[in-house]
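Oh and the sequence shown: position 236 is 236 in the UniProt record's numbering, straight run, nothing missing.
Each hint should be verified, as a subset may be incorrect.
[What the hints assert, rightly or not] Straight-line C-alpha distance at most 25 Å; calculated DSS-like pairs for lysine-lysine:
(1) Lys-191 with Lys-252
(2) Lys-40 with Lys-186
(3) Lys-30 with Lys-40
(4) Lys-186 with Lys-41
(5) Lys-41 with Lys-191
(6) Lys-132 with Lys-223
(7) Lys-223 with Lys-191
(8) Lys-30 with Lys-186
(9) Lys-18 with Lys-124
(10) Lys-30 with Lys-223
(11) Lys-132 with Lys-40
(12) Lys-40 with Lys-252
(13) Lys-40 with Lys-168
(14) Lys-41 with Lys-168
(15) Lys-168 with Lys-30
(16) Lys-41 with Lys-30
(17) Lys-18 with Lys-30
[Unchecked claim] Just the calculated beta-carbon pair ranges, DEER-fashion:
(18) Ser-210 with Asp-75: 23 to 31 Å
(19) Arg-155 with Asp-37: 21 to 29 Å
(20) Val-90 with Val-250: 25 to 33 Å
(21) Thr-21 with Arg-63: 34 to 42 Å
(22) Ser-152 with His-60: 13 to 21 Å
None of these hints come from the bench; they were simulated from the model. Ideal placement from N, C-alpha and C gives every residue a C-beta, glycine not left out.
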Amino acid sequence: MAEQSFDKTRKRNQLDCKDATDVHHLPRDKYAAIADDTLKKFQAGLSNTRGNHRNVNLQHDLRFSIENTIVYTEDDLITTTLMKSSSSPVYEIRHCTTLQAAESLASEIDDDNRIGILNFASAKNPGGGFLKGSNAQEESIARSSSLYLALSQDRIFPQFYGYHRREKNGLYTHRIIYSPRITIIKDDNGKMLSSPYHVGIVTCAAPNASICQDIELTRQTMKERIRCLLTVFQMHRHDVVVLGAFGCGVFKNDPREVALAFREHLQSDEFRNVFSRIIFAIFDADMHHVFEEVFAISQYQGK
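Please build the complete structure, drawing on both the sequences and the hints.
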């Protein structure tokens, strides 16, 4: 099989969208206060807010997200009926956060049901440590959206978080939570958006390479997990997705290995024409550079 050329990789002009330099580091108590305020707004069920070309009703959308959040096991993801895009995808490697990439997409795309984002999840705690002011990719999403209320519900918690709390090896499992129509109401700095928007969120825990001693087993587990999470995006017909340096923070997975695993799956027969647009939103400058190298045209062609 001839390998797919990433000739549609492009560096987006950053003048028209926010990037990592727009994110401010705040003290833990400030992050915790932002999280508390977000939850109160959703629990109060604020009424209609008009966004760009769409209406946002927090109460209605929250109910829909909670009722339709689902946990997939590995067995659920073995055989799927695949959607196919009509053209090869456009790839973008951006030095920005997941929320910045998602907000940019929502401003461009009328149908935000197409947009899916990957949540680099804690395997044991919904939203990670966002309620106590921790700050990483998952925490930023959780304190800015309705995600926590979908993840923490009694129907979901035991199937994912309770299950992983019994796992002791750090690899965790290929179980994945899918939450539709999560409403984003704030940016990374806690500022209320003038135009809230919706995304589908795939919540998946990476293997923890800082715990696992078997490097090859960890690498293979990561490759299999990436296939599973891409399958969930595909199953729910999200053809515009925001990915990133999955598991490369405190879990210490090698960014180059993770980028290569994504690239291998995305150019395979299984996923080659599934997505129309893929953004790798990477906040860390060094990791951003690694992903740019891995997805560069000159490195990819002819290999």
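Status of the hints after comparison with the structure:
1. For the suggested pair Lys-191 and Lys-252, the alpha carbons sit about 30 Å apart, so the restraint of at most 25 Å is broken.
2. A C-alpha spacing of about 13 Å is found between Lys-40 and Lys-186, which places the hinted pair at or below 25 Å, so the restraint holds.
3. Simply put, Lys-30 and Lys-40 have alpha-carbon atoms about 15 Å apart, close enough for the 25 Å limit, and the pair holds.
4. With a C-alpha separation of about 11 Å, the suggested pairing of Lys-186 with Lys-41 holds against the 25 Å cut-off.
5. A C-alpha spacing of about 13 Å is found between Lys-41 and Lys-191, which places the hinted pair at or below 25 Å, so the restraint holds.
6. At most 25 Å may separate the alpha-carbon atoms for a hinted pair to count; Lys-132 and Lys-223 exceed this at roughly 32 Å.
7. Restraint check for Lys-223 and Lys-191: not satisfied, since their Cα atoms lie roughly 36 Å apart, outside the 25 Å limit.
8. About 14 Å separates the Cα atoms of Lys-30 and Lys-186, which keeps this hinted pair within 25 Å; it holds.
9. Note on Lys-18 and Lys-124: the hinted pairing is violated, with a Cα-Cα distance of about 31 Å set against a maximum of 25 Å.
10. Of the pairs offered as hints, the one joining Lys-30 and Lys-223 is violated, with about 37 Å between alpha carbons and a cut-off of 25 Å exceeded.
11. Taken as a hint, the Lys-132 and Lys-40 pair is honoured in the structure, with Cα atoms around 15 Å apart against an allowance of 25 Å.
12. Note on Lys-40 and Lys-252: the hinted pairing is violated, with a Cα-Cα distance of about 34 Å set against a maximum of 25 Å.
13. Taken as a hint, the Lys-40 and Lys-168 pair is broken in the structure, with Cα atoms around 35 Å apart against an allowance of 25 Å.
14. With a C-alpha separation of about 36 Å, the suggested pairing of Lys-41 with Lys-168 is violated against the 25 Å cut-off.
15. Between the alpha carbons of Lys-168 and Lys-30 the distance comes to roughly 33 Å, so the proposed pair goes past 25 Å and is violated.
16. For the given pair, Lys-41 sits about 17 Å from Lys-30 by alpha-carbon distance, which is consistent with the 25 Å threshold.
17. Distance restraint check for Lys-18 and Lys-30: the Cα-Cα separation of roughly 22 Å lies within the 25 Å cut-off, and the hinted pair is therefore satisfied.
18. Against the hinted window of 23 to 31 Å, the Cβ-Cβ separation of Ser-210 and Asp-75 comes to about 28 Å, which satisfies the hint.
19. Under the hint 21 to 29 Å, the C-beta atoms of Arg-155 and Asp-37, about 26 Å apart, fit the expected range.
20. The given range of 25 to 33 Å is respected by Val-90 and Val-250, whose C-beta atoms sit roughly 31 Å from each other.
21. For the hinted restraint 34 to 42 Å between Thr-21 and Arg-63, the CB-CB distance of approximately 37 Å keeps it satisfied.
22. For the pair Ser-152 and His-60, the beta carbons lie near 20 Å from each other, so the given range of 13 to 21 Å is met.
The structure is inconsistent with the numbered hints 1, 6, 7, 9, 10, 12, 13, 14 and 15, although it conforms to all the rest.
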